[in-house]
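4 protein chains.
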Amino acid sequence: MSVRTREAYVDSLRRQKPNVYMDGKRIDNLVDHPAFRTGIDSAAVTYDLSNDPKYLHLSRVNSPIIGQEISRWTHIMENEQDAIAKTKLMAALGEYLCPCSYRCITGDVLEIVKEAQKNDWIIGGGLISPKGDSSKGVTGQSDPDMYLHVVEKKADGIVVKGAKAHSTAAPYTNMLCIEEMELLPDYFVGFFTPLDAEGITFICKAPHAPEKPKELENPLSSRFGGHVESMIVFDNVFVPWEKVFMCGEMEGVATFGTILGASHMWHKCMCRWANMGLSIGATALIADFNGVGAAPHIVDALNEMAIDAEMLRSCALAAAVEGWKHDSGVYAPRLAPVAAGKVFAARKLGEDRYYMQDAAGGLVATMASELDYFSPTVGKLLEKYYRGRDGVPTADRVRAFKLIEDLTASEFAGWYHAMCISGGGASQTYKAVVGMEYDIERCKAKAKRAAGIRQ
Amino acid sequence: MSVRTREAYVDSLRRQKPNVYMDGKRIDNLVDHPAFRTGIDSAAVTYDLSNDPKYLHLSRVNSPIIGQEISRWTHIMENEQDAIAKTKLMAALGEYLCPCSYRCITGDVLEIVKEAQKNDWIIGGGLISPKGDSSKGVTGQSDPDMYLHVVEKKADGIVVKGAKAHSTAAPYTNMLCIEEMELLPDYFVGFFTPLDAEGITFICKAPHAPEKPKELENPLSSRFGGHVESMIVFDNVFVPWEKVFMCGEMEGVATFGTILGASHMWHKCMCRWANMGLSIGATALIADFNGVGAAPHIVDALNEMAIDAEMLRSCALAAAVEGWKHDSGVYAPRLAPVAAGKVFAARKLGEDRYYMQDAAGGLVATMASELDYFSPTVGKLLEKYYRGRDGVPTADRVRAFKLIEDLTASEFAGWYHAMCISGGGASQTYKAVVGMEYDIERCKAKAKRAAGIRQ
Amino acid sequence: MSVRTREAYVDSLRRQKPNVYMDGKRIDNLVDHPAFRTGIDSAAVTYDLSNDPKYLHLSRVNSPIIGQEISRWTHIMENEQDAIAKTKLMAALGEYLCPCSYRCITGDVLEIVKEAQKNDWIIGGGLISPKGDSSKGVTGQSDPDMYLHVVEKKADGIVVKGAKAHSTAAPYTNMLCIEEMELLPDYFVGFFTPLDAEGITFICKAPHAPEKPKELENPLSSRFGGHVESMIVFDNVFVPWEKVFMCGEMEGVATFGTILGASHMWHKCMCRWANMGLSIGATALIADFNGVGAAPHIVDALNEMAIDAEMLRSCALAAAVEGWKHDSGVYAPRLAPVAAGKVFAARKLGEDRYYMQDAAGGLVATMASELDYFSPTVGKLLEKYYRGRDGVPTADRVRAFKLIEDLTASEFAGWYHAMCISGGGASQTYKAVVGMEYDIERCKAKAKRAAGIRQ
Amino acid sequence: MSVRTREAYVDSLRRQKPNVYMDGKRIDNLVDHPAFRTGIDSAAVTYDLSNDPKYLHLSRVNSPIIGQEISRWTHIMENEQDAIAKTKLMAALGEYLCPCSYRCITGDVLEIVKEAQKNDWIIGGGLISPKGDSSKGVTGQSDPDMYLHVVEKKADGIVVKGAKAHSTAAPYTNMLCIEEMELLPDYFVGFFTPLDAEGITFICKAPHAPEKPKELENPLSSRFGGHVESMIVFDNVFVPWEKVFMCGEMEGVATFGTILGASHMWHKCMCRWANMGLSIGATALIADFNGVGAAPHIVDALNEMAIDAEMLRSCALAAAVEGWKHDSGVYAPRLAPVAAGKVFAARKLGEDRYYMQDAAGGLVATMASELDYFSPTVGKLLEKYYRGRDGVPTADRVRAFKLIEDLTASEFAGWYHAMCISGGGASQTYKAVVGMEYDIERCKAKAKRAAGIRQ
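Residue numbers (numbering that gives the first Met the number 0), protein chains in the order written: chain A, 0 to 454; chain B, 0 to 454; chain C, 0 to 454; chain D, 0 to 454.
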């Protein structure tokens with residue numbers, strides 16, 4: 000069946016045996032390990048969505064490649080309509096609350112796509128090598144492994160060595176898509192590999208989320224978004240040729256990078272748009288519960304965030320509409336608008352949090368815990384003194400504060416902030432990308448015409 | 000002929016005999032009056048564009064209403080494709096340097112459209128009454144004429160009284176489209192009228208542009224953008240019923256307002272986008288001429304402006320793609336993205352000017368005049384001391400400075416700033432509009448789900 | 000001895016027996032409870048400073064009240080020189096790394112001052128009542144206890160009921176200073192009380208900091224800044240008249256509020272200034288370790304933060320210099336500059352974090368834990384792949400990343416963010432305060448003169 | 000008499016015979032030339048202030064150098080008290096409406112000071128050479144005169160050649176103070192010279208202000224602020240040794256540059272502060288006249304501008320308080336706070352204008368001229384339709400709009416914008432200055448301590 004359920008996804012994880020470490024210990028069964036709970040649940044949301052009758056028109060599509068109905072998350076886009084539909088699918092996902100489902104990586108490139116579509120895989124990505132001294136290129140490092148590279152070419156495949164940092168969610172995907180694109184033959188390589196291939200080690204960071212659900216305390220991050228980050232180390236890993244899609248053919252690198260970046264940033268714009276909607280809602284909710292829903296500074300804050308959200312969504316739509324078709328038939332969104340959107344979104348996060356917290360007030364940081372609130376000792380006092388406006392159950396007001404704490408002042412909030420700024424590449428990089436994509440020379444020519452300069 | 004030339008447009012103006020005053024004096028022949036030169040030239044650019052072979056695919060369209068090829072500026076949009084094409088046409092217009100051609104007002108509503116299409120008219124607009132005390136509505140004013148209203152209904156038409164402020168370019172359009180939409184029967188009226196109907200007086204403000212062209216001194220505003228602003232006074236003007244399209248039928252007012260606002264802001268986004276391109280070009284040009292084109296702060300400024308320009312263009316595209324079809328068959332762009340874009344653009348103008356001036360340096364404000372530069376007395380000294388990097392003719396560098404002065408520190412720059420902030424309505428109004436268009440209740444519901452609040 | 004050591008301070012805490020709850024459980028010995036460790040250490044820093052030979056000229060002063068050398072933290076300022084010295088003392092404290100020592104509350108008002116000076120007390124504050132429905136005043140609440148109030152006046156003292164929210168650090172201070180300043184006689188009251196008076200309950204929130212020190216993982220918040228927040232409930236607490244300093248005398252309320260707000264915001268400006276210095280340092284450090292210390296965007300980020308830091312420090316200095324002397328002889332800093340600084344600082348925090356994270360890159364969120372880094376299993380791999388530029392020990396680079404994680408993406412970071420925005424009152428409130436302090440009428444008169452309006 | 004009147008100042012100008020050109024023509028009598036009217040009046044305001052009984056305590060001071068009462072504008076500061084008094088004097092000047100009086104240049108260096116104090120001179124400055132290709136230093140230019148330099152040293156003096164750009168107000172000062180500080184002996188020179196020394200030519204730019212006063216149309220720039228800019232060309236000008244204060248002695252250059260920059264930026268902060276007050280007043284006034292003085296977005300705009308103004312003033316005060324004493328005995332304000340303030344102020348100008356225009360609405364750009372308003376033809380119509388709220392004379396409302404037009408959308412507004420951004424040096428330069436003044440190494444050391452890095 001080419002569209003999986005949440006259960007089928009989890010089952011597939013059980014069949015994989017990756018070599019996973021966290022806090023210095025090996026984890027054999029990650030599916031049942033508390034540190035992986037919210038990460039897997041977050042990814043699973045995309046499978047729920049694929050089976051939600053309300054969204055079937057968006058979530059499923061007929062694959063021209065395998066001739067079956069597949070999940071749109073594994074679909075290779077062919078045109079603008081595809082891109083618009085996917086933008087809407089991302090918006091629908093936003094309604095599922097999950098701040099990050101990690102379906103933004105796609106293996107748009109190969110035979111493997113058929114298998115991915117048939118099995119409705121989640122593909123894990125590894126793009127960024129550790130790099131050591133960032134000011135020096137691949138050749139300037141004292142350790143040749145600071146960038147991933149081919150150490151041997153054999154008749155039946157290649158052997159690779161190195162590491163990939165910042166691989167969100169990687170241990171609970173179904174297939175890894177690894178790329179290095181430095182301009183040296185051995186350092187220009189792309190391949191797919193199962194997670195449990197020999198020589199691969201995942202060194203994981205426990206999620207920025209509570210291990211045991213605290214449904215009042217961390218209402219969002221107890222359920223979603225607490226992804227596990229990992230560094231994937233490749234210690235002489237063998238990859239058969241049929242899973243290698245790049246190996247030293249360095250033309251087209253810019254194009255490939257552009258497609259990858261555009262696709263990732265496009266998803267990021269919509270993720271942040273969904274999150275902005277949650278910020279707007281949380282601000283409106285707490286203001287309402289505090290009795291100040293109509294205060295001018297609240298209305299102003301909501302308007303400001305709504306402006307930002309509309310602009311961000313516009314970036315995603317513009318990228319979808321102004322995309323282009325690669326020779327391979329793949330339709331790619333345009334990079335510039337979503338690179339702009341990424342930078343914009345990263346900068347605006349601090350502002351959104353300012354609005355939420357300023358609307359809520361000090362209790363965001365000072366409210367007692369759920370253990371207090373539900374305790375026989377002091378629970379009654381809190382029930383008395385945490386009341387808001389008449390008609391709002393105190394527990395609901397407490398939940399609204401805890402949501403804002405989860406969104407702005409929790410460990411999860413910290414992780415999400417970092418994701419917004421650095422996820423998919425530094426904001427500074429994307430800022431430069433927009434400048435390069437923009438046709439400055441056309442602008443200069445226009446300025447010359449305006450100035451009456453003839454040359 | 001349904002697509003006019005610049006000449007045909009100017010001829011049509013000669014045949015009109017509006018009652019026009021400026022600086023206290025009546026102007027009989029405005030076509031040849033210096034104060035109207037750049038305004039008329041700016042509007043005429045749209046006719047040049049309609050006849051430019053390079054852009055015919057964008058500028059012309061077959062009218063389903065009159066069954067002839069017409070100018071897209073008079074076309075009633077029917078679908079998303081129309082909207083995307085028009086967005087591209089606006090972008091093409093941006094290449095013509097003209098900061099404002101005033102073709103953003105369209106009479107989308109009536110029989111009159113056929114005539115407008117056949118004759119390729121420019122329609123002038125009058126929407127905003129003087130209002131007196133803004134805090135009071137139509138009924139709170141001491142003078143009933145502070146809002147335009149119907150003073151008499153006759154068998155063959157109506158008689159109206161009042162005034163319309165802020166009518167850019169009105170005296171050199173071909174037909175006025177006047178609306179008042181207050182919720183009192185006599186104050187809810189819309190009609191077309193020729194400019195020279197009895198009882199109409201235009202009180203004009205001389206343009207913020209040099210009367211005599213100073214091609215070095217004011218390279219842009221000597222040619223384009225110096226529009227004449229006017230207040231149009233209606234002193235018991237008679238309008239026959241066939242030109243009246245609203246008269247007391249107050250349903251649908253919100254819809255109509257939304258369409259008008261969306262259409263206007265959509266054009267504004269693309270105008271400002273074109274202008275941002277000019278800011279980018281001017282910054283890059285002066286930096287190049289000063290020998291610092293690759294300085295990090297210049298690159299950074301260009302990147303920042305490119306981000307803003309991409310976002311603004313994305314707003315216009317998103318509005319085009321996410322538009323909706325009115326019962327009448329008219330396709331309207333979505334309001335929220337372009338209202339957001341308007342506010343964004345208005346705020347960014349100050350920043351663009353900061354970048355341009357900081358890149359250029361003090362000569363923007365202190366450079367001697369063209370009379371000095373071309374003079375036998377001190378011209379040689381200026382030629383010597385105004386030199387920039389080798390290979391750049393001094394005159395070209397002077398022109399680049401003068402362009403930035405024209406764009407940031409001239410009277411025209413002042414007018415353009417005001418247009419960006421208040422043109423088509425106050426930024427504050429559009430800020431509120433985005434908030435109202437955004438579905439805050441949906442966001443609140445989402446926040447409740449996230450917080451675990453069940454009600 | 001009127002200047003205490005850290006040890007004397009801790010001893011004094013041992014002698015107090017407040018009624019403290021956390022997570023539903025009573026805590027008898029808070030000095031040795033892990034949740035109070037960093038909070039007490041943070042407060043103790045001020046005692047270290049008072050005994051640091053390097054800063055004695057700032058930290059000690061002769062008290063004109065008790066005629067002994069005392070700590071400047073308990074000194075009542077008398078003039079501008081005092082205010083400048085205290086500004087310098089706050090700057091010195093900033094060098095101690097501690098993001099918040101909670102010595103910003105002072106009991107400037109009474110006899111109790113003598114005792115505070117003699118004993119070098121930390122005074123705890125309680126100013127903000129729960130308030131319930133914020134849109135309604137004290138009289139509009141359904142529960143009269145939503146604001147603290149006098150329930151009985153006796154011959155020897157008063158009995159009070161209610162609660163104070165947001166009392167940072169209260170359980171480990173030496174004396175509470177509680178105020179309610181609503182304009183109803185029973186709701187206008189101010190008094191001192193020992194923490195362990197009968198009827199007082201502290202309901203505490205565990206700090207946003209690791210209970211067990213993780214010196215690599217949370218290098219800052221393992222040591223400092225993890226303050227305990229509490230709500231203090233007063234259940235018919237008796238206060239003898241000699242500790243009551245306000246009881247129904249409602250004149251002078253505005254003045255008193257102004258002094259309190261100014262004093263608190265003045266400290267806040269310098270706290271944030273110190274924290275900005277740490278942001279600047281952390282950004283410079285990680286960029287250096289990554290090999291990109293001279294990259295233009297890093298230099299630009301440092302410059303931007305330096306500008307903000309200079310401005311914030313200027314606010315504190317201006318408040319010190321332009322202060323005023325109350326009839327009582329107390330010198331108070333001017334409110335407007337530091338209220339402006341508070342709003343500025345709250346807004347800039349998101350930006351500072353953007354710079355830090357953008358300079359550092361993804362490892363801020365994705366770096367493995369210290370348990371991994373020091374583990375025999377994967378530690379070697381991390382040592383290999385976490386290397387930065389030559390000459391920098393990998394462990395140092397790891398520490399620099401962890402510092403930025405602690406500053407931007409930890410629970411502590413979340414708490415600190417909330418403190419910046421809401422601590423001492425909502426930013427929105429202080430924004431309004433600046434507007435009220437500014438002499439708008441003088442500005443209007445000036446505008447009239449400029450416009451030539453004579454009236 | 001060591002404190003002059005306005006009349007004495009103007010008389011002194013009549014006695015000077017500088018070689019002045021404007022628009023290609025020589026101007027013999029600049030005092031009576033309309034282009035110099037507002038410039039001279041603006042400078043003269045400082046003399047009015049020196050004789051205004053209300054401000055004598057600020058405007059006059061006893062000179063320790065010549066032992067007479069002098070104007071504070073010519074006083075050499077000796078300590079913090081001097082600096083605070085001067086800050087207050089600048090604030091007082093701000094009440095005189097004049098946006099720029101050009102008394103910010105002081106000749107702090109020499110014997111000439113005595114003469115300046117005795118005669119209460121205005122000193123004109125020339126600091127910035129044309130520079131040609133900015134990317135190349137003094138040695139990289141194809142024309143050696145792109146930087147001013149010594150061409151000959153004689154027994155009795157030196158001969159200099161070159162030019163100084165951007166010399167605001169120079170032709171109506173009493174003595175020029177010229178500096179070049181490049182690190183080549185011939186290009187390191189500083190001297191005083193009378194304006195009418197042989198070989199000096201002023202090439203002037205007509206002011207961005209109306210030649211004939213339009214008291215309703217340009218209420219501010221008709222009176223003040225329309226300064227004449229000039230390039231001063233030195234064609235082998237002889238300077239006697241007694242007026243030369245630097246000639247090849249290149250030590251101390253950094254110090255001297257720091258003092259100059261700090262002094263200039265300090266004045267700039269207070270100028271912009273005064274101007275912000277005018278923006279606040281104009282916004283409050285027009286909102287009041289429009290009947291919306293209490294609208295939340297107006298209050299918010301006023302609060303925002305008040306915050307900015309307080310911060311800017313704080314920068315000036317902090318610089319005064321934290322200044323330092325040069326070996327020569329001169330007290331200099333600290334550079335960093337006012338360099339920060341300059342950048343801040345330059346960026347905020349666009350925002351201030353946004354607030355003013357958004358509060359005022361479209362009439363800022365579209366209001367008819369004073370010729371219309373006072374005309375018998377259409378004046379009555381304007382009187383009727385330009386009415387605001389009851390109780391406000393229409394003429395007053397018109398004046399308020401015209402003031403905002405003058406402040407935001409006039410030629411003067413353009414010049415003022417350029418002055419804010421580039422005046423006294425590019426904002427980019429001062430941004431870098433703050434970064435250099437800030438002790439980044441101290442911050443890094445602090446970050447290391449916080450991170451637990453021991454080295």
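These aren't lab readings, by the way, just hints derived from the structure by calculation.
There's no promise every hint is true.
Which copy is meant is left open, because identical chains are indistinguishable; a pair holds if it fits in one copy or across any two.
Lysine-lysine pairs mimicking DSSO-like chemistry, simulated, CA-CA at most 30 Å apart [unchecked claim]: (1) Lys-324 <-> Lys-87; (2) Lys-383 <-> Lys-24; (3) Lys-379 <-> Lys-160; (4) Lys-24 <-> Lys-213; (5) Lys-211 <-> Lys-24; (6) Lys-87 <-> Lys-211; (7) Lys-379 <-> Lys-113; (8) Lys-130 <-> Lys-213.
Hint check results:
For a Cα distance limit of 30 Å, the shortest separation of Lys-324 from Lys-87 qualifies both inside one copy, at 20 Å, and across copies, at 19 Å. For the homomeric pair Lys-383 and Lys-24, the shortest alpha-carbon distance between copies (19 Å) is at most 30 Å, but the shortest distance inside one copy (46 Å) is not. In this homomeric assembly, Lys-379 and Lys-160 come within 30 Å of each other (Cα to Cα) only across copies, at 15 Å, whereas the closest approach inside a single copy is 60 Å. In this homomeric assembly, Lys-24 and Lys-213 come within 30 Å of each other (Cα to Cα) both inside a single copy, at 25 Å, and across copies, at 18 Å.
For the homomeric pair Lys-211 and Lys-24, the shortest alpha-carbon distances inside one copy (19 Å) and between copies (20 Å) are both at most 30 Å. For the identical chains of this complex, Lys-87 and Lys-211 are neighbours neither inside a copy (33 Å) nor across copies (46 Å), given an alpha-carbon limit of 30 Å. When the C-alpha separation of Lys-379 and Lys-113 is checked against a cutoff of 30 Å, the pair qualifies neither within a copy, at 59 Å, nor between copies, at 38 Å. When the C-alpha separation of Lys-130 and Lys-213 is checked against a cutoff of 30 Å, the pair qualifies only between copies, where the shortest distance is 27 Å, while the shortest distance within a copy is 38 Å.
Of the numbered hints given earlier, the model fails hints 6 and 7; all others are met.
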